[in-house]
Structure formats: C-alpha cells, structure tokens
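Using the hints, position chain B against chain G.
Protein chains: 2
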Amino acid sequence: MTRTELVAQIRQKKSYLTVGLDTDITKIPPHLQSHPDAVFTFNKAIIDATLEYCVSYKINTAFYESQGLKGWEALEKTVHYIPSTHFKIADAKRGDIGNTSSQYAKTFFEVLPFDAVTVAPYMGEDSVRPFLEYDNKWTIVLGLTSNAGSLDFQKLSLASSEKMLYEQVLEKTVSWGTPNNLMFVVGATRASDLQHIRTIIPDHFLLVPGVGFQGGSLEEVSQYGLNKDCGLLVNASRAIIFASSKENFAEEAATIAATYAAEMKQYLEV
Amino acid sequence: MTRTELVAQIRQKKSYLTVGLDTDITKIPPHLQSHPDAVFTFNKAIIDATLEYCVSYKINTAFYESQGLKGWEALEKTVHYIPSTHFKIADAKRGDIGNTSSQYAKTFFEVLPFDAVTVAPYMGEDSVRPFLEYDNKWTIVLGLTSNAGSLDFQKLSLASSEKMLYEQVLEKTVSWGTPNNLMFVVGATRASDLQHIRTIIPDHFLLVPGVGFQGGSLEEVSQYGLNKDCGLLVNASRAIIFASSKENFAEEAATIAATYAAEMKQYLEV
Numbered sequence: 035m036t037r038t039e040l041v042a043q044i045r046q047k048k049s050y051l052t053v054g055l056d057t058d059i060t061k062i063p064p065h066l067q068s069h070p071d072a073v074f075t076f077n078k079a080i081i082d083a084t085l086e087y088c089v090s091y092k093i094n095t096a097f098y099e100s101q102g103l104k105g106w107e108a109l110e111k112t113v114h115y116i117p118s119t120h121f122k123i124a125d126a127k128r129g130d131i132g133n134t135s136s137q138y139a140k141t142f143f144e145v146l147p148f149d150a151v152t153v154a155p156y157m158g159e160d161s162v163r164p165f166l167e168y169d170n171k172w173t174i175v176l177g178l179t180s181n182a183g184s185l186d187f188q189k190l191s192l193a194s195s196e197k198m199l200y201e202q203v204l205e206k207t208v209s210w211g212t213p214n215n216l217m218f219v220v221g222a223t224r225a226s227d228l229q230h231i232r233t234i235i236p237d238h239f240l241l242v243p244g245v246g247f248q249g250g251s252l253e254e255v256s257q258y259g260l261n262k263d264c265g266l267l268v269n270a271s272r273a274i275i276f277a278s279s280k281e282n283f284a285e286e287a288a289t290i291a292a293t294y295a296a297e298m299k300q301y302l303e304v
Numbered sequence: 035m036t037r038t039e040l041v042a043q044i045r046q047k048k049s050y051l052t053v054g055l056d057t058d059i060t061k062i063p064p065h066l067q068s069h070p071d072a073v074f075t076f077n078k079a080i081i082d083a084t085l086e087y088c089v090s091y092k093i094n095t096a097f098y099e100s101q102g103l104k105g106w107e108a109l110e111k112t113v114h115y116i117p118s119t120h121f122k123i124a125d126a127k128r129g130d131i132g133n134t135s136s137q138y139a140k141t142f143f144e145v146l147p148f149d150a151v152t153v154a155p156y157m158g159e160d161s162v163r164p165f166l167e168y169d170n171k172w173t174i175v176l177g178l179t180s181n182a183g184s185l186d187f188q189k190l191s192l193a194s195s196e197k198m199l200y201e202q203v204l205e206k207t208v209s210w211g212t213p214n215n216l217m218f219v220v221g222a223t224r225a226s227d228l229q230h231i232r233t234i235i236p237d238h239f240l241l242v243p244g245v246g247f248q249g250g251s252l253e254e255v256s257q258y259g260l261n262k263d264c265g266l267l268v269n270a271s272r273a274i275i276f277a278s279s280k281e282n283f284a285e286e287a288a289t290i291a292a293t294y295a296a297e298m299k300q301y302l303e304v
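Chains G and B are the protein sequences, given in the same order.
Here this note's numbering is used: the first residue of the first sequence is 35, the next is one more, and so on.
Here this note's numbering is used: the first residue of the second sequence is 35, the next is one more, and so on.
Extracted from the complex, chain G is given alone in its bound form (with noise of 0.2 Å):
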C-alpha cells in the first residue's frame, strides 16, 4: 500500500486505528477454546466486527509462532483475511545480518501478503535496508518503544551529540528511506517525547502502541503526533480484542473500536 492509499483510507475513514491481533489462546472467549481452528476463528470475528473503524491490523507474530505450525497456519489464514483496503503490519521486531534479513523480508512481504513489518535497529544499515528494497512496502523501525526496558538503552546521552541513542536512531535511519516506505513504533506511554520527535520526524508516519492496557492517552499522542496526512496509526490490542470473553466478544470489541474512531474523528476535524 502506497502513503497516498493509506492517507486516502485515513481521510475516508476518519479513523488511524490499528487493531492488534495479539491472539493469545489462553484468553480468548472459553466458548472458542475448544475450536479446531480458534485462532483464526476468534480473528475472523473481531476483524469482521471491528473493519469499519480501523484502517489497519497488526499481528504480533509471537502469539502464533508460541502455537508451533498450527499457530503459522493461523497467521497465514489471518493475514489473507484482511481486506486490501486495510494497511497489514507483521509486529515481528525482526532484523540480522543482510543476507539473513533479506529473508525476513521476502517471508512477509513475498511469502505473505504484509504491508509492513516492524524492525529492530541494533544491527544498523545492513540490517535494515533489505527490507526498504521492495516497492510499496513500509518497514517500520523501533525509535522508542512503551515498555519499562525503554530506559535501559534508548534513552542514554550519547556523548558526540548528548543526543539520546533512540534520537540518533531516528535521525540516521531516516536517511536510509523516505516517509513513504519508512514508519518508527513510538510508544504511547511517554507521549510528551512525541512533540519533541515531531521536531526530528516531522513527515513520517509514526506507530504507536501502548494506548489502552499500557496506559497511553489517545488524546496526548494526537496532540503532539498528528501532522498534515495524519501520520499515525494507534494501535489498541488487548483493549479491544478481549473486551469481553462472552459470546458477544466480537461486537463487544467493535464497541471499544468505535469509541476509540470517534475519539480519533474529533481530532482529525481539528
């Protein structure tokens, strides 16, 4: 999906949410458990229950790798469901030397149908680079992640610049791609680094989890994210999917994916 699709999905929508399939067998609804096929069902369920107000999902591929073959299965069925009209993101975190992630690469963007795939920088260029080669698709490199650990290295002073590493991060990946096929997971739980990021990455789409389970405020981090074509998507994942472990789980999940469209709504009127 080119930017111009995605914008264009954004304005139509008025939505920048991306449900996150983080299907953890253990807590979907007990009716399911039992299913031959639960993973892929559950997922059918709340991707055709929460379609109308999001422009993307993202699957977390731990939770169907930690189901051995049957989990891949699960994944694959999952990521063909997914209408084009949506924005699929594979959160996988991957990234090694050139040869072995230009594997990575071809297993999410030729293998299976991804739009994007999220990426770790510790390697550097060659890491990253093989998966900017493809046309009109996104990699989406970790700047600043929402969990505890985020201290312990990304936000360390370097000492050429007192620049922070994830700041460096983002400052020389931006030279290995555009803000067409480059994206950076922001997370949601320091929302006030995100004014300061727009100052480095005033252009590029940034993805932000974090909002919902993790604590981040979707108002905060449109306030200081939002730019002139959106340039977010938010992601919500347990917050959504295990809205409820009832019978009604898929349409208790499309209620908390409309609050948060509607809440998004307001803010793209602006």
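Errors might be hidden in some of the hints.
Copies of one chain are not kept apart here, so a pair can be met inside one copy or by any two copies together.
[Unchecked claim] Computed list of lysine-lysine pairs in BS3-like fashion (alpha-carbon distance at most 25 Å, straight line):
id, residue 1, residue 2
1, K262, K48
2, K61, K140
3, K171, K78
4, K61, K104
5, K78, K48
6, K104, K78
7, K299, K262
8, K171, K206
9, K104, K140
10, K262, K171
No lab work stands behind these hints, which were simulated from the structure alone.
This one's a predicted model, so the numbers in the text were calculated from it and none came from an experiment.
Coordinates of chain B only, in the frame set by chain G:
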C-alpha cells in the same frame, strides 16, 4: 543443557564448533532441490556428517520462515533430529515487550526443544527477562555483531561513561542473568575487540559468528576469547554447509568441519 554439560561436551570432543544451519533452499545441491522435503533432507545429511566435529547447531529461523509453513515444518523436524548431546541454538534475534517476549520464549523453549535463543537488547530488561526465566535454557544477547552496520549504533560512545553502547549492553545485561544462563553474540570480524570484551565478561560464553564467509580468524578469536571453561561457541554456516553443491556435499561439509575442529583442538590444548 547446563553449563557443566556443555563444557563436558566441549572437553570430550575437543571442539567448540557450532554448525550454522542457514539452509537457503536456493543454495542446496541441485539434485536435492526437487525433493519434497528438501530442507530437512539436506539438514539431516549435514547433521549426520558433522556431528562428531561440533558441539552445537544453530538454526537461523529466517531461512525457514521464508519457506512458509513448509519451512516451519522443516525447522521443527530439524531441531528434533539433533541429538541431545548437541547444544541447539535458535538464531532468531527476538525481543519485544514482556508479555510478547514470553510468547517467544515459550516458542523456542517449550514448543520447540531449543537450548538457547538469540535476543536483541534494544527494548531493555523486560524484553530479555522472560527468556531468562527458564531453567537450563540460555539467552544469547546481541553484544557486538559481525556486520558493517554494527558501527551505526553499537559502537557509539555514551555521554555518561565514554563507554560504547555495546559495552553498556554487556555490563547492564550481565546483571539480569548468570554465566549459567546468559551468553553474548560477539562477531569474529573484530577479533581484537574480544580481548577488551573479556575484561568486561571474563566468564560468559560467547557465540561467535563471522568465521568463514564473513572473514573472521579462528586463531584470533581463540587467542582472545578462550577462558578456563572454553567459553566460546564459534559458528560457521555457509563455509561448512555449502562447501560443495555436488552429491558428496555432506562429505565435503564434514571435511571443512573436521578442519575447524582440528584447529580448535590445538587451541584447547595450549
């Protein structure tokens, strides 16, 4: 596998060789490429032929993921085929927020019988901890990698201490585990760095990729990296497994592995 068991294997074999199963299906011998179970058939032959010269196998998950479901099936069959005498490494470079890293740990340590998994440190302590919670399993954190991109961030100096980022990663991460459950990836292409790294982490095992095709010197790695318990697992992938593309590929792989092992025996006996 415990550290005592790993060291005993090394002492018995007089080898600290890891064979990297980076099984790129386009590079396996032509006569195997049309085999319905090509990757596993290739791996099986390589394992049978090299078993006596190495103490460990490293499966690079990227090359299996890129083959889709069939690839994961080959990965599962391969790790189950490796005998319990050999240390099994999932080279997966995973790492995410805590509840997601827990799923990755489950994948490699419960669903699959790996002894160790490689982990990227960028997201900090809570992204690494879930891997360390398993008894007799190992977390191998990226320290200083063997690729050109390692200069981009790993070698940046920090303001507080003038240490480089990778040094800070080593020092900080060491406190999260012990030499019995934590190793580090240190690339062989900068063998001179090993001497310095041994002043920071004298006791930990190091997984050293980069010997062979990437140009690292086994002699230098051994000179600076060996400690009283050996403390090294030196990996060669392409140099061994793709030594020949003829029908005798496994025999040729064994010859290369034997050459590495013979050299290692000398260094262990010094």
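How the hints compare with the structure:
1. K262 <-> K48: within (14 Å within a copy, 63 Å between copies)
2. K61 <-> K140: between (31 Å within a copy, 16 Å between copies)
3. K171 <-> K78: within (24 Å within a copy, 36 Å between copies)
4. K61 <-> K104: This pair counts as within: shortest intra-copy Cα distance 17 Å, inter-copy 28 Å.
5. K78 <-> K48: This pair counts as within: shortest intra-copy Cα distance 23 Å, inter-copy 54 Å.
6. K104 <-> K78: So K104 and K78 pass the 25 Å test inside a copy (16 Å) and across (24 Å) alike.
7. K299 <-> K262: Result: close within a single copy only, 15 Å intra versus 64 Å inter.
8. K171 <-> K206: within (20 Å within a copy, 36 Å between copies)
9. K104 <-> K140: For K104 and K140, the Cα distance is within 25 Å both inside one copy (21 Å) and across copies (15 Å).
10. K262 <-> K171: within (21 Å within a copy, 49 Å between copies)
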